[in-house]
Amino acid sequence: AQSVTQLDSHVSVSEGTPVLLRCNYSSSYSPSLFWYVQHPNKGLQLLLKYTSAATLVKGINGFEAEFKKSETSFHLTKPSAHMSDAAEYFCVVSDQGGRRALTFGSGTRLQVQP
Amino acid sequence: DTGVSQNPRHKITKRGQNVTFRCDPISEHNRLYWYRQTLGQGPEFLTYFQNEAQLEKSRLLSDRFSAERPKGSFSTLEIQRTEQGDSAMYLCASSFEGSGTEAFFGQGTRLTVV
Chain A
2 AQSVTQLDSH VSVSEGTPVL LRCNYSSSYS PSLFWYVQHP NKGLQLLLKY TSAATLVKGI
62 NGFEAEFKKS ETSFHLTKPS AHMSDAAEYF CVVSDQGGRR ALTFGSGTRL QVQP
Chain B
256 DTGVSQNPRH KITKRGQNVT FRCDPISEHN RLYWYRQTLG QGPEFLTYFQ NEAQLEKSRL
316 LSDRFSAERP KGSFSTLEIQ RTEQGDSAMY LCASSFEGSG TEAFFGQGTR LTVV
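Chains A and B, in that order, give the protein sequences.
The number in the numbering used here is simply the position in the first sequence, starting from 1, with 1 added.
The number in the numbering used here is simply the position in the second sequence, starting from 1, with 255 added.
Just so you know, the hints here were simulated from the structure itself, not pulled from any lab data.
None of the values given here were measured: they were computed from a predicted structure.
Don't take each hint at face value.
To be verified - Result set (EDC-like, lysine to aspartate or glutamate): computed pairs, CA atoms no more than 20 Å apart in a straight line: (1) A:K50 to A:D86; (2) A:K50 to A:E65; (3) A:K50 to A:E67; (4) B:K269 to B:D341; (5) A:K50 to B:E338; (6) A:K59 to B:D341; (7) A:K43 to B:E299; (8) A:K43 to B:E333; (9) B:K326 to B:E283; (10) B:K266 to B:E333; (11) A:K43 to B:D318; (12) B:K326 to B:D279; (13) B:K269 to B:E338; (14) A:K50 to B:E352.
Isolated chain A (complex conformation) (with noise of 0.2 Å):
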């Protein structure tokens, strides 16, 4: 069975700081890793994927995710928070080599202070 959790369901940084989200998943094998973002009244957006290829993966707006398969871990980082990274973020797994339907976990809401 697939499944992601997200150890933290707030974080707070200040502009210009480093961000760091945090997920675990669980996986049969073979995992697929995404990260996407979901602004207010906007749609879910792709940030990054893992799909078996470099376990560091650099993804849109200076985001980045390693995989750490001892660890079960995919963290989400950035080096310095922009006011417009505010946004609420999903971990998401798909099992079988991302052949099965998408896991998402339950999200963490970034906020940026000035």
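Starting from the known structure of chain A, fit chain B onto it as the hints suggest.
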């Protein structure tokens, strides 16, 4: 715009009525997913199609819910005898079949049952 399109965007209905939502996926995508999202939660998987075949259905999906994808193009999601607990955002997504392909989401249909 060639993204995923959902109609209507908003629906208010009285308890006990039937409602139907439509999703038009990105034209070359053969996979189509339905998710439900309530306030403060991540999207919850309902069902998905590959072409016209319904390949997976969540155990959480009651028999009041039915989805179709005739001819493997657009899809409809019907809820019969709506209940207040059905109030949620219903999201549709589409993707290519294959390992690690990301899903593209529509803006959703917000259902309010009064």
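Exercise for review: Take a quick look at whether K50 (chain A) and E352 (chain B) sit within 20 Å of each other, Cα to Cα.
Suggested key: Answer holds: K50 (chain A) to E352 (chain B) is near 16 Å, not above 20 Å.
Practice item. For the pair we were handed, K266 (chain B) and E333 (chain B), check the Cα-Cα distance against 20 Å. Key: Distance of about 13 Å is within 20 Å: holds.
**Study point:** Hinted pair K43 (chain A) and D318 (chain B), Cα distance within 20 Å
**Key:** Roughly 30 Å separates the two Cα atoms, so the pair is violated.
**Study point:** Straight-line alpha-carbon gap K43 (chain A) to E333 (chain B), limit 20 Å
**Key:** At roughly 24 Å apart (the allowed maximum being 20 Å), E333 (chain B) and K43 (chain A) break the hint.
Exercise for review: Take the C-alpha atoms of K59 (chain A) and D341 (chain B), compute the straight-line distance between them, and say whether it is at most 20 Å.
Suggested key: violated (37 Å)
Check your understanding: Within 20 Å, alpha carbon to alpha carbon, are K50 (chain A) and E67 (chain A)?
Key -> holds (10 Å)
Exercise for review: With a cut-off of 20 Å on the C-alpha distance, tell me whether K43 (chain A) and E299 (chain B) pass.
Suggested key: The hint holds at about 17 Å.
Review point. Regarding the pair K50 (chain A) and D86 (chain A), is the alpha-carbon distance no greater than 20 Å?
Key: With a Cα-Cα distance of about 18 Å, the restraint between K50 (chain A) and D86 (chain A) holds, given a limit of 20 Å.
Exercise for review: Mind checking the alpha carbons of K269 (chain B) and E338 (chain B) for me, to see if they're no more than 20 Å apart?
Suggested key: Given pair K269 (chain B), E338 (chain B) holds - Cα atoms ~8 Å apart, limit 20 Å.
Check your understanding: Going straight from one Cα to the other, do K326 (chain B) and D279 (chain B) come out at no more than 20 Å?
Key -> holds (12 Å)
Practice item. Assess, step by step, whether the Cα of K269 (chain B) is no farther than 20 Å from the Cα of D341 (chain B), and give holds or violated. Key: holds (11 Å)
Exercise for review: Below or equal to 20 Å on CA atoms is what counts here, so check K50 (chain A) against E65 (chain A).
Suggested key: holds (9 Å)
Checked against the numbered hints given earlier, this structure breaks hints 5, 6, 8, 11; the rest are met.
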